[in-house]
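Asks: Sequence:
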Amino acid sequence: MSYPQDPGPPPGPGPWQQPPPGPGGPGPQPGYGPPTGGQPAGGYGYPPPGGYPSGGYPAGGYPGGQPTGSYPSGKGGGGNVGLVLVTISVCVAVLVVVGGVGLWLLSSSGGSGGTAEQSALAPYEGVWDGDLDQLDAGGAPMGTWSATVTVSGDTVEGEEYNLGTEQDGRCSWEISEVQPSDTQMTFSYSVADDPDCVDNGFVTLVPAGEGMLDITVSSTMSDGSTSVSEGTLYRE
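The UniProt record's numbering puts the first residue of the sequence shown at 1, with every later residue one more than the last.
Careful: at least some of the hints might be erroneous.
Cβ pair distances, simulated, as ranges [what the hints assert, rightly or not]:
#, residue 1, residue 2, range
1, E210, D154, 21 to 29 Å
2, G143, P123, 51 to 59 Å
3, E117, S172, 51 to 59 Å
4, A93, P123, 37 to 45 Å
5, E117, R235, 30 to 38 Å
6, A93, S181, 22 to 30 Å
7, S146, Q179, 35 to 43 Å
8, Y234, A93, 23 to 31 Å
9, R170, Q118, 57 to 65 Å
10, E117, T87, 37 to 45 Å
Worth flagging that the hints you see were computed from the coordinates, not collected in a lab. Positions of the beta carbon are idealized from the N, C-alpha and C atoms, including for glycine.
Could you put together the complete structure from these sequences and hints?
Replies: Structural data, given as structure tokens:
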């Protein structure tokens, strides 16, 4: 009497063997492979077909959430624009102050001409020219020379010439401290870098009749002595 052999355990699937058929017939069991009907609408990830619409984040945000925090507003930001405007305003204010100080210094030093109130200078308006006799501190004659004084608007200018030799040219006065009144006008002057001229003087002009001004110039010489020149200027 023979007995049937033990068939042993059923063979398992090999590396290339398909899984057993499911209840729906041939095909993979649930859990094997992609679902039938293709990829679900919208796909499995991002971005959607064609990319996100321009102009911002997609509705609902990116996967993982929209980034938090604020975004810069405009090119440079409003704060930077305000800072630039404040800086420009400060620079303009500084330039105005510096310009005003420079103008005041120029008016005080006189430049090539001194200034005063135009109404006070009105009686002296014009170009005045004449000769002066120069005396030393003891009253002895030293020579003659000529001067021209020009009063125009609120400006006074002056120069000296004919200083005794053919080589002597004209020396322009740098006028300051102009003080006009009804009875006289006074001012100081200096001459820079000209060896032919005394480098300083104090001038007094006094009306002496129609179209005439008596002039007196007091100067300190290089040896420390005082020289006085006197004459009459005539309106040209």
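Asks: Between Y234 and A93, does the beta-carbon spacing fit 23 to 31 Å?
Replies: The hint (23 to 31 Å, Cβ to Cβ) is violated, given that Y234 and A93 are roughly 50 Å apart.
Asks: Between S146 and Q179, does the beta-carbon spacing fit 35 to 43 Å?
Replies: Violated - the Cβ-Cβ distance for S146 and Q179, about 24 Å, lies outside 35 to 43 Å.
Asks: Is the distance from the Cβ of E117 to the Cβ of T87 consistent with 37 to 45 Å?
Replies: 39 Å, holds
Asks: Take a look at whether the Cβ-Cβ distance between E210 and D154 falls inside 21 to 29 Å.
Replies: 24 Å, holds
Asks: Given a hint of 37 to 45 Å, does the C-beta separation of A93 and P123 actually sit inside it?
Replies: Since A93 and P123 have Cβ atoms about 41 Å apart, the given range 37 to 45 Å holds.
Asks: Can you let me know if the beta-carbon spacing of G143 and P123 is within 51 to 59 Å?
Replies: 31 Å, violated
Asks: Is 51 to 59 Å respected by the C-beta to C-beta distance linking E117 and S172?
Replies: Violated - the Cβ-Cβ distance for E117 and S172, about 23 Å, lies outside 51 to 59 Å.
Asks: Is it true that R170 and Q118 lie within 57 to 65 Å of each other by Cβ?
Replies: Violated: the Cβ-Cβ distance is about 27 Å, outside 57 to 65 Å.
Asks: Regarding E117 and R235, is the given constraint of 30 to 38 Å on their beta-carbon distance met?
Replies: 21 Å Cβ-Cβ, so the 30 to 38 Å window is violated.
Asks: Take the C-beta atom of A93 and the C-beta atom of S181, compute their distance, and say whether it sits inside 22 to 30 Å.
Replies: Cβ of A93 to Cβ of S181: about 38 Å, so the range 22 to 30 Å is violated.
Violation of the numbered hints given earlier is confined to hints 2, 3, 5, 6, 7, 8, 9; the remaining hints are satisfied by the structure.
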